[in-house]
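*Asks:* Listed below, chain by chain, are the residues.
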Amino acid sequence: MYKYNDFDEAFVRSRVEQFRNQVNRRIAGELTEEEFRPLRLMNGLYLQLHAYMLRVAIPYGTLNSRQMNQLAIIAEKFDKGYGHFTTRQNIQYNWPKLQDVPEILSALADVEMHALQTSGNTIRNVTADHFAGAAADEVEDPRPTAELLRQWSTDHPEFQFLPRKFKIAVSAGAADRAVVKAHDIGIQVVRNDAGETGYRVIVGGGLGRTPMIGKTIVEFLPKADLLPYVEAVVSVWNLLGRRDNKYKARIKITVHENGLDEIKRLVDERFALIRPTFSGVDQAMLRDIETHFAAPAYKNAPLDAFDDRLNSDPVFRSWVDTNVAAHKVDSYGILTISIKKHGETPGDATADQMRLMADLAEQYGHDELRISHEQNVIIPHVHKSDLPAIYDALKPAGLATANIGLISDIIACPGMDYCALATARSIPIAQEIAVRFDELKLEHEVGPLKIKISGCINACGHHHVGHIGILGLDRAGVENYQITLGGDGTEDAVVGDRTGPGFAAEDITDAIERIVRAYLDLRLNAEETFLQAYRRLGMDPFKAALYETEAKAHAAE
Amino acid sequence: MSRRFTPKVVTANHLLDGDAIWLTADNQWTRTMSEAEYIDDADRANERLAFAASQADITVGAYLADAKLGENGPEPTHFRETFRTRGPSNYAHGKQVEL
Ligand code: SF4
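Chains as they are written, first to last, in my numbering: chain A, 1 to 557; chain B, 558 to 656.
To be clear, the hints were calculated from the coordinates, so they are not data collected in a lab.
By construction, the Cβ of each residue, glycine as well, lies at the ideal position given by its N, Cα and C atoms.
Take these hints with a grain of salt, some might be off.
To be verified - Which bits of chain A does chain B cover? Going by a derived footprint, with three or more residues having C-beta under 8 Å, they are: (1) 28-42; (2) 49-59; (3) 426-432; (4) 473-480; (5) 489-496.
Stated by the list, open to error - Label-pair restraints from in silico Cβ distances: (6) 653(B) / 34(A): 29 to 39 Å; (7) 587(B) / 81(A): 26 to 36 Å; (8) 649(B) / 420(A): 13 to 23 Å; (9) 598(B) / 4(A): 54 to 64 Å; (10) 283(A) / 620(B): 45 to 55 Å; (11) 311(A) / 635(B): 54 to 64 Å.
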């Protein structure tokens, strides 16, 4: 994986020292909060409901065991023994003390990590397919491209004060696992008819208050044109973007208001101007970066013990079936470790759990870990013969839940348990739904179903693209939950449809159960997924189940 | 007719640990809301908020929050403020265990 060069290292260290100085001056009263706030935000430090929160970037979700171990140490030493993995492949610490933050940043720098540009109107952490480098369906590993974009966007002088934040995601598979169509720029590595690899560039996607699916601005961009092209897009938006209104500032609105054709014309114009200034240094860098992402030395080992266990232990088999995805090498699997045991907080891992996952990755996984936007941890390269040992180690640590892609594999943002912007809580809703379907023993029968919950309209929990989306709102001083159905965050991305009036916190789990039971009644067969059934039938039967049953219950009272 | 003033407390987060704090009648900061000064007059509220904002070495983001008078002192009227008096619901962390 990518290793910092001397420049990266010196830059990050100097930023830590700068911030240490700023924190000292704030505590000594030499800086007001107005002066300090933008400085702390530049370093990923937010103030939430009960404490500060430090958001640390995990570029394209990739970690090695040393880094994961350091995240565990930080959780123990400076926080309450856990961390929260987010939908943007970041980790958030919920309880750091202001005076400790420079130490934390210094500890992160020791393992080539930082919290820069995890806040503010900058280009944020570049995210990527969490199966990158391992997926059977990818054109190539998308991470060198993501790393090139990371280097280009980090501390880019032109892009530190953009109209709003800017998010880029990269994927390279036939299946989109990085929700690229819901990003300001989504990049898909593709191959053209001539067999050359290049990029499909998608702009103007985004969730939040005004959800939009991104539009393709160029079908095939030669590889060497990536940075000048992305720079052209960002600078066109930088000039055109609505700085007068925060709710209209994202590029999705710029594209919507000006039209894709006009944006494309302006981008092409700008691109023609700046393309000659890119001398090819970036391509030399890319080639160097690629060497850091070489495939691991895959091993050969007999699969007999694995097969025996598969045939003799149905619980193990269920875990393999649910949590292990096809790897490009037959004898390998991509293991997703669920950090969503029923009733636990989605995305949270304790320091001990982090250490265990780091150890397993080191021992069995070519020292690689990934964080998914779905808030789970992945060991991307696991020889199948090692799965029994890994399973046996994960189980006592509460990490062997077989629920990936199922109804309890819920995305939930921190919501009003932590977030200062929230209008309602998300975590307890996720916990309750997961526990309910576990008690009903229904989730494997229900099959693939993605529930995503946000605690406010900002949609960090991706509710718009959940098969079932839940949005927590404040309705006259009471938490209220609005449901959307039929959203999809994949290559067929679509924003879900709102069902109607929302539900009180006490009623939302029953409401979700009614929708799921309606699906079980309505599906053609066990192969038809919830999303397929919804697409075939539309909203009406689900809406009827959701509200009419409720009306009946009221009439009977 | 002047609009009725909704009683308030002055609240903020503590500069060092970010914990929720409230302003008392004798210019102290408390971590227990019921010890806060209960303010039922608009002028007084603005005056106290200005005082709070001037305490930049202790507070961050002081604001006026709606309150009602309970048995032991001011109580929150909105669920957000209720959460601030106890901490998150997914773990026994924050005030619910620390106070
Ligand atoms: S969706 Fe809203 S409540 Fe949830 S983390 Fe984002 S800003 Fe906070």
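*Asks:* Would you mind marking each hint as holding or not holding in the structure?
*Replies:* Evaluation of the provided hints:
no. : hint                        : in the structure
1   : 28-42                       : holds (count 3)
2   : 49-59                       : holds (count 4)
3   : 426-432                     : holds (count 3)
4   : 473-480                     : holds (count 4)
5   : 489-496                     : violated (count 0)
6   : 653(B) / 34(A): 29 to 39 Å  : 32 Å, holds
7   : 587(B) / 81(A): 26 to 36 Å  : 28 Å, holds
8   : 649(B) / 420(A): 13 to 23 Å : 21 Å, holds
9   : 598(B) / 4(A): 54 to 64 Å   : 58 Å, holds
10  : 283(A) / 620(B): 45 to 55 Å : 52 Å, holds
11  : 311(A) / 635(B): 54 to 64 Å : 57 Å, holds
Hint 5 alone, counting from the list given before, is not met by this structure.
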